[in-house]
Amino acid sequence: MTDFQVEVRVTPRRGILDPQGSAVRGALRSLGFGEVGEVHVGRLIVFSLPAGDEGEARERAEAMCRQLLANPVTEDFDVRVEALSAA
Amino acid sequence: MKIGVVTFPGSNCDYDCYRAVKDALGADAVFLWHRDHDLQGVDAVFLPGGFSYGDYLRAGAIAALSPIMREVKQFAAAGGPVAGICNGFQILCEAGLLPGALVRNRSLKFRSRPVHLLVERADTAFTSEYEPGQVLEIPIAHGEGCYFADPELLDALEAEGQVVFRYCTPEGLVAPAANPNGSARNVAGIINAEGNVLGMMPHPERSVDPLLGSTDGLGLFRSVAAHLARV
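Going line by line, the protein sequences match chains A and B. So that you can map any letter, position 53 of the first sequence is 185 in the numbering used here, and since no number is skipped, the others follow by simple counting. So that you can map any letter, position 138 of the second sequence is 142 in the numbering used here, and since no number is skipped, the others follow by simple counting.
Honestly, the hints are just simulated from the structure, not real lab data. Don't be surprised by glycine CBs; every beta carbon is placed ideally from N, CA and C. Among the hints, erroneous ones may be present.
Cβ-Cβ distance ranges computed for the label pairs, FRET-style [to be verified]:
#1 R175/A <-> K113/B: 18 to 26 Å
#2 R189/B <-> L200/A: 38 to 46 Å
#3 D32/B <-> V156/A: 47 to 55 Å
In silico contact screen, one side only, chain B against chain A (beta carbon under 7 Å); selected entries [as the list claims (entries may be wrong)]:
#4 V34
#5 Y60
#6 A105
#7 R108
#8 R115
#9 R170
#10 L216
Facing chain A, from chain B, some residues (calculated, C-beta under 8 Å) [unchecked claim]:
#11 R39
#12 R62
#13 A65
#14 G104
#15 V107
#16 L222
I would like the entire structure built from these sequences, with the hints used as guidance.
The structure is reproduced here in C-alpha cells:
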C-alpha cells in the first residue's frame, strides 16, 4: 500500500450562473484588476488515501466525488493524486 | 393518523412543523431522530427546514446520508408521502428523491420574507385542499433556494405536471420580479413522478395561525390528512 495525497477541486459547472464568481469579479475590478475575466468560486477538498497504486486511488476518489463530494447536477470535479510515501 | 418530523443536527423548523401537525391539524405528531432506523409507524414524513450539518459541503448533502434517510427512502419507494420544506427540499434533492438541485440565491442574499405562490397542481396528496390557480402567501427564509435543472429536465417536469408551486405576484402572475432567488422558471415546489414526494422552499408550517400573519400553509397539512384518510 502507498499513501496518496488526494486533492479534489469542485467547481460550478460552466454555463450555470455563478453569482459568487460574479461578485468576486466585480470586487476585483473595483480594486483596479479590470483585466480579470470570468471568475468561478469552488472548493478544494484534501485528504490522504492509502491505495495499491495511483489508478486505484484515483478510482476511489472519483467514486467519492460522484456519491458525495460534487453534485452531479451543478458541479464538475477534478481529481489530483500524488504519492506521499511507500509503506 | 401519525405524522413524523425528522430532526437532523441543525434542523430549526422541526418544532414549527410538529406544532403545525399537532395543534393546527390536530393529528398525532412524533419526532424522528436522524440516527435512528425507525419511522415509528408514521403515515407521512416531513423533513423540516434548518441548516442540517451547518450546510457543510452543500446544503442537505450530509443529512441525505443520515441513517434515518435509508428508512425514508424505503418509505417513499413504497408510496408513503414525504414532504421536504426548505432544507428538507434540499435534502430530498441531494438524496436523489427529487430531481434537480438548489443553489445559492442569485442575489447572494439570504431572503426571509413572505412571498406569493401560485398553486399549479391542486390534485396531489399535498395540495388537494387548494384550488388550482390559487395564490398563497407563505414566507421563505433561505440563502440557497435557487432551483436549478437543465432545460430538458425542466421541460419534462412541466410536461409531467411536476411543478406544484411557482413564485408569483400577489395577483398570481408568474413574473421575474416575483422570483425571490432566481429559481428556474419561478419553481418554488416540485413533486416526484409518482406523486408522493414533495419539496418546496417556502415554509407552510409558518403560515398555520392568524397570529403568524397567514393561514395559507394550513391547506398543505390538511391535504396530507385528507390523503391519508383516503388511502
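Going through the hints against the structure:
1. R175/A <-> K113/B: 18 to 26 Å: Between R175/A and K113/B, where Cβ atoms are some 21 Å apart, the hint holds.
2. R189/B <-> L200/A: 38 to 46 Å: violated, 28 Å
3. D32/B <-> V156/A: 47 to 55 Å: holds, 49 Å
4. V34: violated, 29 Å
5. Y60: Since the shortest Cβ distance to chain A is 11 Å, the answer is violated.
6. A105: Since the shortest Cβ distance to chain A is 4 Å, the answer is holds.
7. R108: Constraint on R108/B satisfied, holds at 6 Å.
8. R115: Where the cut-off is 7 Å and the nearest Cβ of chain A is about 13 Å from R115/B, the hint is violated.
9. R170: Because about 19 Å separates R170/B from the closest Cβ in chain A, which is outside the 7 Å limit, the hint is violated.
10. L216: At 31 Å from the nearest chain A Cβ, L216/B fails the 7 Å test, so the hint is violated.
11. R39: violated, 18 Å
12. R62: holds, 6 Å
13. A65: Given a least distance of 7 Å, the restraint on A65/B holds.
14. G104: Holds - the Cβ of G104/B comes within 8 Å of chain A, reaching about 6 Å at its closest.
15. V107: Given a least distance of 6 Å, the restraint on V107/B holds.
16. L222: violated, 33 Å
Checked against the numbered hints given earlier, this structure breaks hints 2, 4, 5, 8, 9, 10, 11 and 16; the rest are met.
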